[in-house]
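*Asks:* For the protein sequence lines, the chains are C and D, in the order given.
Quick note on numbering: the numbering used here labels position 470 of the first sequence as 602, and the sequence is numbered without any gaps.
Quick note on numbering: the numbering used here labels position 459 of the second sequence as 469, and the sequence is numbered without any gaps.
These are computed hints drawn from the structure, not numbers from a lab.
We treat Cβ as the ideally placed atom computed from N, Cα and C, and that holds for glycine.
Check before you lean on any hint, since a few could be wrong.
Unchecked claim - List time: in silico DSS-like cross-link candidates among lysine-lysine, alpha-carbon distance up to 27 Å:
| hint | chain 1 | residue 1 | chain 2 | residue 2 |
| --- | --- | --- | --- | --- |
| 1 | D | Lys185 | D | Lys322 |
| 2 | C | Lys557 | D | Lys322 |
| 3 | D | Lys128 | D | Lys185 |
| 4 | C | Lys238 | C | Lys485 |
| 5 | C | Lys238 | C | Lys294 |
| 6 | C | Lys557 | D | Lys128 |
To be verified - So, partial list: chain D residues that the calculated Cβ filter (under 10 Å) puts toward chain C:
| hint | residue |
| --- | --- |
| 7 | Ala132 |
| 8 | Leu199 |
| 9 | Arg464 |
Stated by the list, open to error - Using C-beta positions, here's what the derived DEER-type ranges look like:
| hint | chain 1 | residue 1 | chain 2 | residue 2 | range |
| --- | --- | --- | --- | --- | --- |
| 10 | D | Glu84 | C | Pro142 | 21 to 31 Å |
| 11 | D | Ala514 | C | Asp329 | 56 to 66 Å |
| 12 | C | Gly553 | D | Glu84 | 29 to 39 Å |
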Amino acid sequence: MTPSFLTLGPNDLAAAWPETCLAVAGCLIVLLDAFAPSARRWFATLSLAAIALSIWFLLAAPAGLSFSGRYETSDLTAAAGLFAGATAAVAVLVARPYLERVGQVKGEFYALLLWGHLGVLLMMRGLDLLVVFIGLETLSLSFYVLAAFFRTMPASSEAGLKYFLTGAFASAFTLYGIALLFGKSGTVRIAALSRPDLAADPLVAIGLLLLLVGFGFKMSLAPFHAWAPDVYQGMPTPAVAYLSVAPKGASLIVLYRVLAAVFQAGMPDRFRTAIAALAILSMSLGNVVALAQRDIKRLLAYSGIAHMGYVTIALAVFGRDALAAVIVYFFVYVVSNAGAFAAVAALYRDETKPHPVGLLAGEGLRSPFASGVLALCLFSLAGIPATAGFIGKFFVFKAAIEQGLYALAVIGVVNSLVSIGYYLKVVYVLYMREPVEEEGPPALAAADRLVLGLCAAGILALGIFPAGLWNLAQRAAESLPFGP
Amino acid sequence: MTGATGIVAVLESRLLTILVFLPSAAAALLLLFPRSRTREAKIFAIGASVVELALALPLWSRFDLHSGGFQFTETATWIPALGISYSIGMDGISLLLVLLTVLLTPVSLLFSFDHVEKSARAFSIAFLVLETGMIGSLLALDLALFYVFWEVMLVPMYFIIGIWGGGRRIYAAMKFFLFTMAGSLLMFLAILYLAIRHRAVTGRWSFLLSDLVTLSFPTMAIQTLLFAAFALAFAIKVPVFPLHTWLPDAHTEAPTAGSIILAGVLLKLGIYGYLRFALPLFPDAAMRYAPWLGVLGIIGVIYGAFVAYAQKDMKRLVAYSSVSHLGLIVVGIGAFTSAAVTGSVLQMINHGLSTGALFLLVGVLYERTHTREIADYGGIAGVAPVTTALFLVATFSSIGLPGLNGFVGEFLILLGTWTSVHRWWAVAAATGVILSAIYMLSLVQRVFWNPLTREENRRLPDIRASEAIGALALVAVMVWIGVRPNDFLDRIRPSVEQVRQSVATRKVAATLSRPSRAERGTPRESGSVRQ
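Pulled out of the complex, with its shape left as it was, chain D reads as follows:
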């Protein structure tokens, strides 16, 4: 009895660490499985991800709604000589994203159970390592630790696209890897600079976010450069127009499970990183360039929508719809009012759910017909009613129909943007919302309703249990958010306020401590500082 309570106590005090490393521990165990036992390996991987989900769920109720700060924090030294620590913790933003991650991973693995045959053991290992990378990135409060997890995500995703992907998978995998790496390497130098500056100022090494946010910078130019390095890394990941070109390729070629995770979680990490690191570390630069961010977001919204409408390939269409939807989230972050940012965070979850479900259902169709061409379908509704129904719900969620989750997020973003100084952004972004209804409904029309033209589609089997469980789980959460959004907003809002607060106070502090506004006014002076 005492032994059991002891274990529970350890579980509770080290819960986040367990969440981070349980998947990779499971992956290491999978290495010991004989290669021929693919079925057992798959079941084991699904089991591990379900245990992970079960362990994460109590966080929902244990989370303190009244605190915007970090909870469940754990700290241990890692490289003491440089003040690098293993420091993790969770606020409302990361809570929801972690829950999204632990939900989407079993959904993806379950979907792959019947559809991934080629070296299924390696596939499961890659997925579990990826899960460690994602959760680690979401929880890390030390910049060195964050960077390690951030990059660790790349390798398994490269293999998932490259080995189990479609026709142009090699090109897509390489492009994905190089684009992401290009952004993050400069961020790596910026992180080093921050830590070295912290040492120069305080005499003490630290990579902790809470230490580094207290830094001020000698010139605005330096702050802008550092901000640019961070923002570039995150903007590529989101991806913000015009850095989005890797996304359609990666999404189209990735296996279904890879697309679900890529769209569901990996893209969100760009926004998350911006909120968690770039904004609090470089408040002045971030605020100065927020209008650019908003404008790029709007371009993404409209451009993504138009390109999505022109696609002939279902998966590419959903991929471009991601560019458009992520654009809207970026607009919300750029507007930076309380409602807009809260909406953006909720919309991250919403997009993960709806796009995850859409990719899953496109995968269901693809596995039966081996084509993603919209023209090859039509009239599926009568043949596969359950698939159709689920696809419809996911579509409605994606286009923001009231009663489902997408509406709440989009409404908050548009409202928050309207009340910000950039009122016209809301107008422009709203057209994107309308456009999304057009291209998504036309997709549904062409795939599910139009007359059934292809004979072989007449015998199309409907969705299977292993595929439907995941989709149903996602739909259930969509409805939950749509009906009781406050359950989620209450967890997001304090943390968003915390971020906005820290930006506001630091901006004021920076303006006060600055001797004059000279370097902003005269570029010559900032030039001489650099020399």
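In isolation and in its complexed conformation, chain C is listed as follows:
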């Protein structure tokens, strides 16, 4: 029944192409950085090519299982790989002018980003808890280093250390959860968790809760969120653009996979209550604390905590349409949140200092393009109709009401109202105050223009014509075996 782990067929290798090209490109960049420094200006192009190739392989690969059922290629992994790949591309495009501005054009930035992205793909595609865990660790190790990328800057070192210590702690939770599930089911395969006797088993429940803690940490879901503001603040902004979107999506997909396997007959109410409580806490805490933030990166960190609360509503709802809502939400989140960080990267001059919102005063009229895109991203995050953000919330709240979870929907909507307070505060500073800096921000690089333009176009396109995305997400959600 179970073939040996080591028999690898051509199918298995073909299925691993998306990851292989990322790994190879990362290694190549590190080698070139050491031995051919003149190639540095091609690193961004090379990384983009690797990401594009990886997406292409992922989309072109025939659907099915590989590595003896441990690895999935499906509409779900295609959709998830697409938004994660888009995030990585945004991060690379932002990084190119950003690293030049700070004078730190180093190969390891791109290499670590690519390897981190590889980890995300492993998490999204793994059908074996150990594969998922290896993906999680690959991602985490890459980003621990990226958090401390500015070695001479105390805030960056602090970010790296904080992220590492708390991250390691969270990984231990995850691993312990996996161990408990393994102990009960006798295997680390996710599919094996669908044995009918496991759903009601208390040890399995504890294992699942531990996974919820571990992956909740990666999602910066309250109360496991405390690292996010500090890490975002110290980490280079392009890396934050990636970290704040793709790993969170991957974590949620893992949770969905595991829970869908265990709860074939529907999610028990105790569990739903626990997840709903996390969602409510995360939304409310994120939004209320964000109101008090003065630093834009911290503000966006708390906004991210709140957004993970909204999307966790779709986990509590639990079902095919809710999973589709999650996928839609993350596509929306890429253009809105990664776009916001891209604009932040373009609008601030000095990366060695904090990023107070007040410094943006008057930029709306001085650098209209970057400010306009930032404002659009913020309106999208606030969920104003005709932007992508509205579509994300629309499907989540629709799923909640369909399931009869009215209270969650109402709390979510009230939270949206609170969030408008701080998003509008940034817009107000951008457009309705006189500039405080004598000089405007540096002129936009071509890469900045491209990425900001793409995000703005994405926000409007998804906001006005969401039908295609919803179809894609629904097809993707079919891939997960929900119970009858």
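Using the hints, position chain D against chain C.
*Replies:* Positioned in the frame of chain C, the structure of chain D alone reads:
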């Protein structure tokens, strides 16, 4: 030749879509203008809004007077998986409000031509996007589509108040945004609930108004909650007392053009939404709570009048007069007789014209003196006779002098209310009409007649052509409605009848299909249903 007729044919069959999106297309083109060419940008924006007006005017004559239903309808799929469609159409109520919108937009832009200097290109863009939002909201027949347009209006208005407004503009803009958003978010959930219930009942997704009005609700409590969510959103927009506090701030701080549109169109959308959506969707709840609406309307009429009388700031005075006048419209809707509702709809147009003109003329004075304090004026009549004359006409229209438009609307509302079951409302509301004469005439007295006290007012230049054209256009329509009200009433009445009919038949149907009146009688039972 055939090419030209082909274009005309497309124009005719897609006229409403063109009306909705022409302004935002113009706004998108404006983005391409260099930022330094402010003059050209302004002219382009005015041109676009005038073309919009020219395109909309044929609707007046093409409109079929004998139909109360929706005309010029267009439908296209939008999100087929959820049955969300791009479905638009117009009845008599929306016809007049659309015409009001396309009239007030060029008037506002024309007024701003000389008075908005700071990033005039962005100002024009905001205005044109706003126009798309307003017309879209007035034409949408799909609730999801309506909600999108409804919210799209917020963002440009936020910028118009926040960037080009007066001293406390930030506070006013924020308050405007948060108040309006607070109401509409709950309406959003209610819309979702309706669509999901429609699917549960029929097995088919739909957000179409015509589908959702056929729904019945499991309990009266649910219907009441849903109605409350809709009514709150609309009541904040109107605004109905006690939700009106954002209005004086927004009006006072907004630039003149913003005030004209805010008072002229945005407030009307609250009443419009109530008539178009809340009433037909939730007839039982709406009828049960209509007395509350009427009472709140009366409080608004009298409270608004008294507070207006106490104002020292001209713009704030006109803003509170809006609270009072909108209150009267709400009373008419609450009374729900044919005459009262028809009068209310006409009064929406009237108020848009008269208050739009008043804000414009207050703006004329403000741009010359940079003060809105009533005490800083006096004796202007001799210095600026044309401004004075126009202001007088707008005042007379606002207080309902016979021969002008305001009289027809107010008379119909009071008559219709008197013949309804709530006879005493008419008495109370009539005092508001009298009060409005007092505070408006005292404003005119203090600003234009009293002795000229301030030396610098002696050289006050009179109204300019770019300002006067708009005011004259508004005055012309005021006279038209005053002299030939039936031109307008004939277009309103069939649609109002349609709304009243649908409420009446659905109420009967709901009462018949209900097994018993138990849930109305015993609260315990409705409680157990909820569990």
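*Asks:* Looking at the structure, which of the earlier hints fail to hold?
*Replies:* 2, 9, 10
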